[in-house]
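Colleague: Chain by chain, the residues:
Number of protein chains: 2
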Amino acid sequence: MPHTRPTPVPGNLTQFEHLALSSPVNLADGHARQELTPGQSRIVGELPALWADVLARPVEEVEAEAYRTYFELLGQYGHRLPSTRVLSCYSSSVAMEIFARSLAAVADTALLIHPTFDNIPDILRGAGLALRPLEEEALHGGDLDPAVLRSVGCVFVTTPNNPTGRVLAEERLRALAAQCAEHDVVLALDTSFRGFDTRAQYDHYAVLDGSGCRWVVIEDTGKLWPTLELKVGWLVFPEPVGLPLSEVYSDILLGVSPLVLSMVRRFAEDAAGGGLAELHRFIAGNRAVVREVLAGVPGIGFPHPHSRGSVERVELGARSALEVWSALREHGVHALPCRKFHWADPARGEHGLRVALARPTSSVLAGARALRSVLLPGR
Amino acid sequence: MPHTRPTPVPGNLTQFEHLALSSPVNLADGHARQELTPGQSRIVGELPALWADVLARPVEEVEAEAYRTYFELLGQYGHRLPSTRVLSCYSSSVAMEIFARSLAAVADTALLIHPTFDNIPDILRGAGLALRPLEEEALHGGDLDPAVLRSVGCVFVTTPNNPTGRVLAEERLRALAAQCAEHDVVLALDTSFRGFDTRAQYDHYAVLDGSGCRWVVIEDTGKLWPTLELKVGWLVFPEPVGLPLSEVYSDILLGVSPLVLSMVRRFAEDAAGGGLAELHRFIAGNRAVVREVLAGVPGIGFPHPHSRGSVERVELGARSALEVWSALREHGVHALPCRKFHWADPARGEHGLRVALARPTSSVLAGARALRSVLLPGR
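Note that the protein sequences, when read in sequence, are chains A and B. When you line the first sequence up against UniProt numbering, it's residues 1 to 379, in that order. When you line the second sequence up against UniProt numbering, it's residues 1 to 379, in that order.
None of these hints come from the bench; they were simulated from the model. Just so you know, these numbers come straight off a predicted model, no measurement behind them. Backbone N, C-alpha and C fix where the C-beta goes; we use that ideal spot for every residue, glycine too. Errors might be hidden in some of the hints.
To be verified - Computed beta-carbon distance windows for the label pairs:
id, chain 1, residue 1, chain 2, residue 2, range
1, B, E239, A, E292, 55 to 61 angstroms
2, B, E323, A, P8, 56 to 62 angstroms
3, A, A138, B, V106, 35 to 41 angstroms
4, B, P305, A, D53, 36 to 42 angstroms
Unchecked claim - Some residues of chain B that are not near chain A, with every Cβ distance over 10 angstroms (derived):
id, residue
5, V9
6, W51
7, V86
8, T109
9, I123
10, L139
11, G141
12, L144
13, A206
14, D209
15, S250
16, E292
17, P303
18, H331
19, L376
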């Protein structure tokens, strides 16, 4: 049983996820691993035809169709603004790396949402930026402290956040963008989980464009559909934005695959035709499975009852998440201990475990049952 | 005719390439854009079946099959060494970015081959490294100056080089690796164009492993086959290598698409069955077309007569490559002025133009004829 071998505790969340890749029940990473729907399976069957189709057309056209279809599926219309640039990247993390390198050319410090997935602080720090935490409560509670805004070059917000699922409301985005404009601070949004939550599908670009602030948005197709890691991360921003995004982009890539762009367009069309609502029902169903299976376990809680994202955070009471993670592995089940999400204060994640929901329901059920048996040994 | 619009001169080679993407005759970038062979077309037709196949197997298995098949196609056996790690990246440039970030954690300065494609110096500098040029003549001529080696943390060599096609011979690699071992300098190789040249297909890993130096190799499938930018860049290195490669990798990605890995394996199998030799004949044929069409144009030269890479450098005599590039655009033809390859001394690229050969022969012929007519106006 290779999954029971002693292993050093991973150094970051992605390394935890890597350990899980070939486990019998992988509820670790937030990538989409549910089964294809019949409509999506038909698109996979079309791949050879899509290949021939993109060969016959200019890549700019294939690219613009892809982002237009995807953005509009999710209520976003920023690409229609004349000043907007859209750069297609291999993934949201590659977009993040390009953003971080660009930001580091003009700023020293970023104010970053806390908690959030740890590769965001790691990439920003890797580019040489110092970070200050922006607590979710402070972000959602009202205006930010002007003294803090004067001390940073960027405010970076993940919305919906990971793993909390909290969504930045339209009026809060408007006020934050106005503050960023006032202090000439770049406002950056990572909206990778937007597709799961209609509350995050108001047109962010109308708000940003109206604010006069310098903004950058990272959009991502990678969390939504089980496309075997074929995905696009988009860097969206107005010109001029005062960051060398296009230059750093051209250091790293000429462009993404037009086949992937074309496939994304087809998945977005399928989603617009009913697939997205079906996905929302599917995730809600898997969330209910986790909550029902764990119901009645003493001390267990769900701190984000309104989350609609494809991950669910479970609070384990007095138990250490790392110990529970370790015990779960003996059942061949992987989930994600939450310490590393709390990049500025890991202790606050000590008792949290993130469970992925974008999985076949049978896997979610098996994982939840294993978790229950770990939490209630002997029953 | 949008291609005749005045445009600012691009800031780097990739931006030149981007301008060319939708031109009638794009001989700018070094990506593979020839037609699929019948064998390759059959693999594209298999994509839906490959999708189903990879879903049924552990991703580690799919990944190991891909790099084993690809590396062994090109005479490389480093993956069989017990200490070797292989990290799959979206592209060679993403591998390069991860390498640069890792190197910058332990070193200040790199000795970099000169000339070479400009995103290599740009990525290294972007990570904060200072660069010193290593002239091709010095690299191939004999031992490096020990004083220079004492002043750098890394020697970075592109072999076969781009755009010169020069290959680091086995005895030179052995001597260089021994010098790097002696001075505890990391030896990094970018072998992205290896597939085109059998002289670059001796087992580099046997030499590196025997040297005792710390080494990193970037292998790349992206230049060989017209796979619509579906490709893999591999970071290959021994553990321990004293660089945080795995850590930086996990900041940026969990893994590449198993569908792409599986497709790469199938293309490599097809190449091993005769496709690679066919590709070599195809590129040689396109090279001959360029040389024949331009034969007799006064002042024109081919400074790298022995190159087998998928690009050809043309020396334009007294003419400015930028002026020729501009005139070619009026014919709807794009090629690549060579100034930026000479990252430490752009003037030496003033009269060089790089022409891509991994294109349909009809495009190469049309481009070469346009170049001839630009160089011989009125004839």
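Colleague: I'd like to know which numbered hints this structure contradicts. Please list them from smallest to largest.
Modeller: 1, 6, 9, 15
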